[in-house]
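There are 2 protein chains.
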Amino acid sequence: MKRKVTLKQIAKELDVSISTVSKSLRDSSEISEDTRLKVKAFAKLYNYKPNNIALSLKNKRTKTIGIIIPEIVHHFFATVISGIEQVANENGYNVIVCLSDESFDKEVINMEMLANGSIDGFIMSLSKETQLKKDFHHITEIINQGMPVVMFDRISNDILCDKVIIDDEFAAYSAVQHLINKGFRKVALITTVDYVSVGKLRTDGYRHALRDNNIAVDENLIIKIEDIDHCAEAIEALIGNHAIDAIFAVNELFAVTAIKAANKFNIKVPEQLSVIGFTDGIISKYSSPSITTVSQNGIKMGGKAAKMLIERLEMEDEEEEHYKTEVIETHLVERESTLSL
Amino acid sequence: MKRKVTLKQIAKELDVSISTVSKSLRDSSEISEDTRLKVKAFAKLYNYKPNNIALSLKNKRTKTIGIIIPEIVHHFFATVISGIEQVANENGYNVIVCLSDESFDKEVINMEMLANGSIDGFIMSLSKETQLKKDFHHITEIINQGMPVVMFDRISNDILCDKVIIDDEFAAYSAVQHLINKGFRKVALITTVDYVSVGKLRTDGYRHALRDNNIAVDENLIIKIEDIDHCAEAIEALIGNHAIDAIFAVNELFAVTAIKAANKFNIKVPEQLSVIGFTDGIISKYSSPSITTVSQNGIKMGGKAAKMLIERLEMEDEEEEHYKTEVIETHLVERESTLSL
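From first to last, the protein sequence lines stand for chains A and B.
For the first sequence, position 290 matches number 290 in full-length UniProt numbering, and the numbering has no gaps at all.
For the second sequence, position 244 matches number 244 in full-length UniProt numbering, and the numbering has no gaps at all.
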């Protein structure tokens, strides 16, 4: 059997990054001529064919939508996929899912693979690493070649395309305001590192809410988690070392970990500590106490993204480009983890 | 743009099932000649090309694995995918995921789509509807054409291929024996309908454990859930109407719903009722009390399935067919939801 050489193998063989190979094959001026020639010669030798989307789009419609998400063990992304599936199927489209596992390289490889004739367009949310690198050439290139892309949740304003988001800053602002209205002044924040776009926006919302209520921001009450699998220690330190009366967490895993940490110190939730999370997933629903949370409505977000993509795919001829950003409404689901003072 | 007609459209147009279209295109003798001719004429008219796997396999290797799972909002399947991803990536393979949403038609459509040159082989778990219909022609056809398939979890012995399973009956037997060892005699079972292969096996394990301990099986203490989204009423009726001292549930959603139902009746878990679930997911870990459960090790299952598929893909020439069934070990994770009498 003839084996097809992959982007990854070329990168490994020439000891350059996958991004460099991908850019060289597209003759990007960011890459030195020397490298470009080397990559192209190697690719030719091993019969590697970069995708030619324009050609494949002209020849056939696959009636398939490609989804790229950062991770799968995450209830929010699973609900977005359900929402996409529903609208896609109603309109006669199939759905293919690939995971970037929060890796830039995997995002590039998966897009390259799917764009090669398997799908008509993408619905995607950026990997953490892509947000950190701010390297979006693989996405803009695909858009430039005529394949539509709709981004959701983790987006970048540097990419011109249709987008579906929630107003993360306003949603966080409202959640923190809800805590302040209940009489709490010492509100801690458990958030992600700043380069995760939605984490940054939710952090901004927290700061604004405190400021608008004349509460000084205490940086000791803000913790930024890099690795979700090892967040327990940092959260325990926050709760153990500071007198706080409420916590706003930017996802439900941080929220449930905060409740477990409070139990360790015999601090009762909600009697002594109120907790609000973000994302209305199965943890928020089934944990005891059940968790008050900002509901993101992943089903609706996915459905809207699918609708936007299909509309663009089925436009007659080339209409004028006019990208839209749809904002899905959020709301607070009140459960057992919050109490008034 | 030229639009490709889909299996679904042909079925709708001719008012026959997707299965009939798929079988007709393959000249299956199960379908009347009249229908076969009609379907083939229609497909030809609209330029529908059924996949020709043998040809595509000869021409190229995609280095991509296709996964078909019944649903995505299910932690077990998500962990299996992680396990597959890990081993696949280590070996230079990409992974594409499609969902059947428990539908036979979607399973057929997705396999047809992926087999058409996008992937080298399948890793899959059957949809509920496929298990109910016992129609596996879409899978056996793909295997006969030379594309390897590895099945996991929900399998069928009617399909000859490599398989990765756990010993569901033994795992259930051990969990129920664990409850009996703690002194409980009135052990209820919350399970699925019988046509779901793993649910049936776990039910068998429950019955055998009771029998081996000379405990009469009380059919009133066994409830079979068809629709997981509406299981609460049946579980509340079980707990409200019967004096039981332990519950074995065949998945973690049934287990956590049982705990919530017990709370409603002011029955304390574990003091008055012990609960064991199946699948060590985030609910079991984060609910309060945390749930004692049979751990299926989805990561290991996915990794093993990927290894088996890749080995078969990379066999030199045509070696003799010799399908294997690997059994992954399970173990009981003891948490807060079980107590001794």
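Simulated from the structure, these hints should not be mistaken for laboratory data.
Mixed in with the good hints, there may be bad ones.
Since the list gives no way to pick one copy over another, a pair counts as held whenever it fits inside one copy or between any two copies.
Here are the simulated lysine to any residue pairs, SDA-like style, with alpha carbons at most 25 Å apart [claimed, not checked]: (1) K260 to S288; (2) K268 to P289; (3) K44 to A232; (4) K268 to K285; (5) K324 to E314; (6) K260 to E334; (7) K264 to N91; (8) K260 to H242; (9) K285 to E141; (10) K186 to D27; (11) K307 to E71; (12) K186 to R207; (13) K44 to V16; (14) K260 to K285; (15) K133 to Q86; (16) K307 to Q9; (17) K186 to E329; (18) K182 to V327; (19) K285 to R335; (20) K300 to A234; (21) K307 to E141; (22) K12 to R61; (23) K307 to D218; (24) K60 to R26.
Since the structure is predicted, the reported quantities are computational estimates derived from the model, not experimental observations.
Looking at the structure, which of the earlier hints fail to hold? 3, 7, 9, 10, 17, 18, 20 and 23
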